[in-house]
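There are 2 protein chains.
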Amino acid sequence: MSESNYNQQALLEMDARHRARLINSLSGFKSANLIGTIDKNGRSNLSIVSSVIHFGANPPLLGFVSRPHSVERHTLENIVETGCFTINSVDVDIALQSHQTSARYTKEESEFDKVDLAPYWIDSFPAPFVLESSIKIGLELVEHHLVKANDTVMVIGEVKHLSLPESAVMPDGYVDIESLDLIALSGLDSYHVTQRLQRLSYAKPNQMVFPLTLEGDVSSWPEFSKKRMKDR
Amino acid sequence: MSESNYNQQALLEMDARHRARLINSLSGFKSANLIGTIDKNGRSNLSIVSSVIHFGANPPLLGFVSRPHSVERHTLENIVETGCFTINSVDVDIALQSHQTSARYTKEESEFDKVDLAPYWIDSFPAPFVLESSIKIGLELVEHHLVKANDTVMVIGEVKHLSLPESAVMPDGYVDIESLDLIALSGLDSYHVTQRLQRLSYAKPNQMVFPLTLEGDVSSWPEFSKKRMKDR
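Chain order of the listed sequences is A and B. Whatever position you read off the first sequence (first residue = 1), add 1029 for my numbering. Whatever position you read off the second sequence (first residue = 1), add 1029 for my numbering.
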């Protein structure tokens, strides 16, 4: 198999769009999520992002990258204004509409209307969720870090509310997101469904990892197991 | 479909391992990569991470989250010491070995030896690549940000070297990582292969997005197209 090699010079001299597609592909598969926000005048905003990542479970923290000079700045401005935002999952059924939210709509236009997704309000949480998303996460802003190298911003929030289908939560806590038909992204524009190979055991130095059942580490969930059996 | 709702209190009172599995599942599908580093004494380290994300294409920037109090701290220490690291893709063939690198080996033990992956050196780049990885990226540290909320560190590097199979690079720059059998992760331990649904066009406000060919936006690559045809 023939290999391409690029040094720094070759990367910098590349056509800008070609480079954008290439570099955006390098990190591997990405999550697809919709960030829901509202400004102080009550105008809502919805934006697909491929950079949501896990920062920690205790406290529960998720973050994403806000790009410079893009439509996502509405998202960032709203989050700084209101201190909160929502993260909503993207599945096969809403992939096209979700991608469409990346068009450069004006601040007066709500992507909810433009792409025909329904804003959904939960209790008194002040940012809009996406009705069609199976996983709905409400977060409060805890930190944002300016990346000086290119003026992007890493936004980090703490989970204050979570809704998801009960059937997707395995007894050990793992959420079977494949069963919810969630999408994986690659590059700037490629959408993928997935097929599980296996779940793997917690790695230890003197033992090779081994496959778990879909339900996870069965040794860790006696009480959940009993509950589940009873429920059936 | 029955929905589970969790408020902040419910999340904080949850069993710690159950919460870790649940929260780690929420961001959606994740990339799988191996971070290669070396310390000033020449001892190499290799660590699987699921948090590599794209920060920008110009300059080309990738980043990942280093967890607190974990084996990955060897990785962070080495990066700060030497100023560089590598990111290497994980495909189906090396998924088990890659997962095994997450075991808590001592600093004297090299994960390369322990999981039987081969360190690979390119030109004078001072950190080890993974021979078995189809995408090999060499980066210099540009910034790292401490996340005060949980003592994790966001590490950001600039791409200085890139190797990948030429056949996987589409004429418009998109890399067909699915053709390289790269793995997507979910939760802490689930490994998935993917199947492309479609690539979607660049979104514009007054036009619904539409599917592209696998090769991408054909209007954008006349010269690459000609070259490719000639090569065949």
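Careful: at least some of the hints might be erroneous.
Stated by the list, open to error - Computed list of lysine-lysine pairs in BS3-like fashion (alpha-carbon distance at most 27 angstroms, straight line):
{"id": "1", "chain 1": "A", "residue 1": "Lys1233", "chain 2": "B", "residue 2": "Lys1143"}
{"id": "2", "chain 1": "B", "residue 1": "Lys1136", "chain 2": "A", "residue 2": "Lys1177"}
{"id": "3", "chain 1": "A", "residue 1": "Lys1143", "chain 2": "B", "residue 2": "Lys1233"}
{"id": "4", "chain 1": "A", "residue 1": "Lys1189", "chain 2": "A", "residue 2": "Lys1069"}
{"id": "5", "chain 1": "A", "residue 1": "Lys1233", "chain 2": "B", "residue 2": "Lys1136"}
{"id": "6", "chain 1": "B", "residue 1": "Lys1069", "chain 2": "B", "residue 2": "Lys1189"}
{"id": "7", "chain 1": "A", "residue 1": "Lys1177", "chain 2": "B", "residue 2": "Lys1177"}
{"id": "8", "chain 1": "A", "residue 1": "Lys1136", "chain 2": "A", "residue 2": "Lys1069"}
{"id": "9", "chain 1": "A", "residue 1": "Lys1136", "chain 2": "B", "residue 2": "Lys1233"}
{"id": "10", "chain 1": "B", "residue 1": "Lys1069", "chain 2": "A", "residue 2": "Lys1189"}
{"id": "11", "chain 1": "A", "residue 1": "Lys1233", "chain 2": "A", "residue 2": "Lys1177"}
{"id": "12", "chain 1": "B", "residue 1": "Lys1177", "chain 2": "B", "residue 2": "Lys1136"}
{"id": "13", "chain 1": "B", "residue 1": "Lys1069", "chain 2": "B", "residue 2": "Lys1136"}
As the list claims (entries may be wrong) - A short list of chain A residues far from chain B (calculated; beta carbon distances all over 10 angstroms):
{"id": "14", "residue": "Asn1070"}
{"id": "15", "residue": "Gly1071"}
{"id": "16", "residue": "Arg1072"}
{"id": "17", "residue": "Glu1110"}
{"id": "18", "residue": "Lys1136"}
{"id": "19", "residue": "Ala1147"}
{"id": "20", "residue": "Pro1148"}
If you are wondering where the hints come from, they were derived from the structure by calculation, not from laboratory data. For every residue, glycine included, the Cβ atom is placed at its ideal position computed from N, Cα and C.
How the hints compare with the structure:
no., hint, in the structure
1, A:Lys1233 / B:Lys1143, "11 angstroms, holds"
2, B:Lys1136 / A:Lys1177, "32 angstroms, violated"
3, A:Lys1143 / B:Lys1233, "11 angstroms, holds"
4, A:Lys1189 / A:Lys1069, "20 angstroms, holds"
5, A:Lys1233 / B:Lys1136, "15 angstroms, holds"
6, B:Lys1069 / B:Lys1189, "20 angstroms, holds"
7, A:Lys1177 / B:Lys1177, "18 angstroms, holds"
8, A:Lys1136 / A:Lys1069, "12 angstroms, holds"
9, A:Lys1136 / B:Lys1233, "15 angstroms, holds"
10, B:Lys1069 / A:Lys1189, "43 angstroms, violated"
11, A:Lys1233 / A:Lys1177, "38 angstroms, violated"
12, B:Lys1177 / B:Lys1136, "26 angstroms, holds"
13, B:Lys1069 / B:Lys1136, "12 angstroms, holds"
14, Asn1070, "21 angstroms, holds"
15, Gly1071, "22 angstroms, holds"
16, Arg1072, "16 angstroms, holds"
17, Glu1110, "20 angstroms, holds"
18, Lys1136, "13 angstroms, holds"
19, Ala1147, "16 angstroms, holds"
20, Pro1148, "17 angstroms, holds"
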